[in-house]
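Colleague: Each chain is listed here by its residues.
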Amino acid sequence: MNEFERLPLVDAGLSGWFQNGTGELFRGFPVTAEDIVLDIGCGDGGNASFCARLGAAVILADIDPAALAEAVRKLASDGVTPIRAVLTDSNPLPLKDGAVTAVVCTEVIEHVADPVAFVGELVRVGRSGARYLLTVPDPVIEELQIPCAAPSYFQHPNHLRIIGREDFAALVTGAGLVIDDRDSYGFYWSMWWLFAWAAGPHWPEDLQPMVQPWARSWAAVLKTPRGKDLKRAFEDLMPKSQLILAHKP
Amino acid sequence: MSAGDPLTQAAAMVRGFVARFAGRGTPPPEHRPLTEFDRLGRSDDELGGWYQDAGGLLVAGFPIARADKVYAEGDLEVADFCRRHAGRLIDGAIEAVPSGSVSRICSIDALQHAADPAGKLGQLVRIGRPGALCLLAVPDPVLDKLLRQVAPAPDRRPALERDAFAALVTAAGLIIEDRQFHGFFRAMHCALRQVCDGDPAHPALAHWVATWESALAAPQGLRLKRLMDEFMPQRQLILARKP
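In order, the protein sequence lines correspond to chains A and B. What the first sequence shows, in my numbering, is residues 1 to 249, in sequence order. What the second sequence shows, in my numbering, is residues 1 to 243, in sequence order.
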């Protein structure tokens, strides 16, 4: 993997993701062999794979059979056994009350028809004390994309709504969870997406001349002694995602 | 590119640039050649509506013609444009300029340096004829806040908030005709410079220039520029008229 290919992982790590040294999926979200982790809307299974490497039992869940199959393949290739995979629209989740100790739900809530019912299901399947890592797109970059994104970006099955920062917190606390921490990250990707829309109908061909030097510029920033400070400032200004860490009382 | 820009190198570049455009001969040898940043910055400005020689527009909505007597402060490129298009350019001490004597007033990145911005604006209004058009530009607060987060500057006055800028202009008796936001490319470059340890050839900067050059050439690049110019501009502009 060259520097250009490593950048997303390096950037994510500096944001707080994938803390191998401390066994945290995100800073403040430790995972151990005692955990049963539900990765809901698991996508390609990267988060679940990280949790499995820390010894946790993981449950993959997704509405998309292709994504779920890909996640199962990824975990299998990482040597994870057994793999529990659930094809579900989460309405309701086919899990018993209090079945898991941790829930990972990244970039899903903006897609679902009824966010209150959906988060309620996540709370139902968590034990008392269960921990939640929840992310949704940040409203600043979502609103910037309104005039430039492809129309399908804001249509089913993609983003059905823009979730404000206070709305996100209210959704979580309204479901009965206690918020432990909040964060935001992904400025590098916010810019990437704006470039993607600028490329118009001819991407990825017309996108590469923008995102390749952009990756090199951002990689050079992160290598400087004060690059993390600049990254933090941009993560506050125009993050791709907002994150909440919470627990069930 | 303004006198308010802390980079003395940029100021030296502008002096060379102006000297050439003003027909005063080639720049002295100590002036460095234009960089890719300078060239792209100028192109980006022009795409944003600046320096439209054909129509005599300093910026969209701000025509300058031979009939105009112009007072300009704060930016050498702006002064140069005015010199080429106006009947007369005044760029000296404002106190010496007679009341009601000019038809165009350009104040670029100057108000924020005044100890009394309202008093300073009052001086600008004083020298304008009835109907005079004013172009007022100051740094935008979005970039200013980001820079302060990276490098705290407690001794420097914060940039005017957008509402406060408009209120200042209105309180001075001017009628706002347009508001504009310019220079995301330069604002981003300025932010990146904060971590580049004074190295103008730092890869973070060089690759940013390459990124933006490609963005402007992309099918929807101009739309992206307009979007980002408003989101995190280098400068906020108000075009206003003296009643």
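There could be a bad hint or two in this list.
Unchecked claim - With a straight-line Cα cutoff of 30 Å, these simulated DSSO-like cross-link-like pairs (lysine-lysine) come out:
1) LYS96/A x LYS74/A
2) LYS120/B x LYS223/A
3) LYS69/B x LYS120/B
4) LYS228/A x LYS69/B
5) LYS120/B x LYS145/B
Please keep in mind that the hints were generated in silico from the structure rather than gathered at the bench. All values derive from a computational prediction rather than experimental measurement.
Colleague: Take the hints in turn and mark each one as holding or not.
Modeller: To see whether the hints hold, each was checked on the structure:
| no. | hint | result |
| --- | --- | --- |
| 1 | LYS96/A x LYS74/A | holds (26 Å) |
| 2 | LYS120/B x LYS223/A | violated (43 Å) |
| 3 | LYS69/B x LYS120/B | holds (20 Å) |
| 4 | LYS228/A x LYS69/B | violated (49 Å) |
| 5 | LYS120/B x LYS145/B | holds (24 Å) |
Hints 2 and 4 from the list above are not met by this structure, while the remaining hints are.
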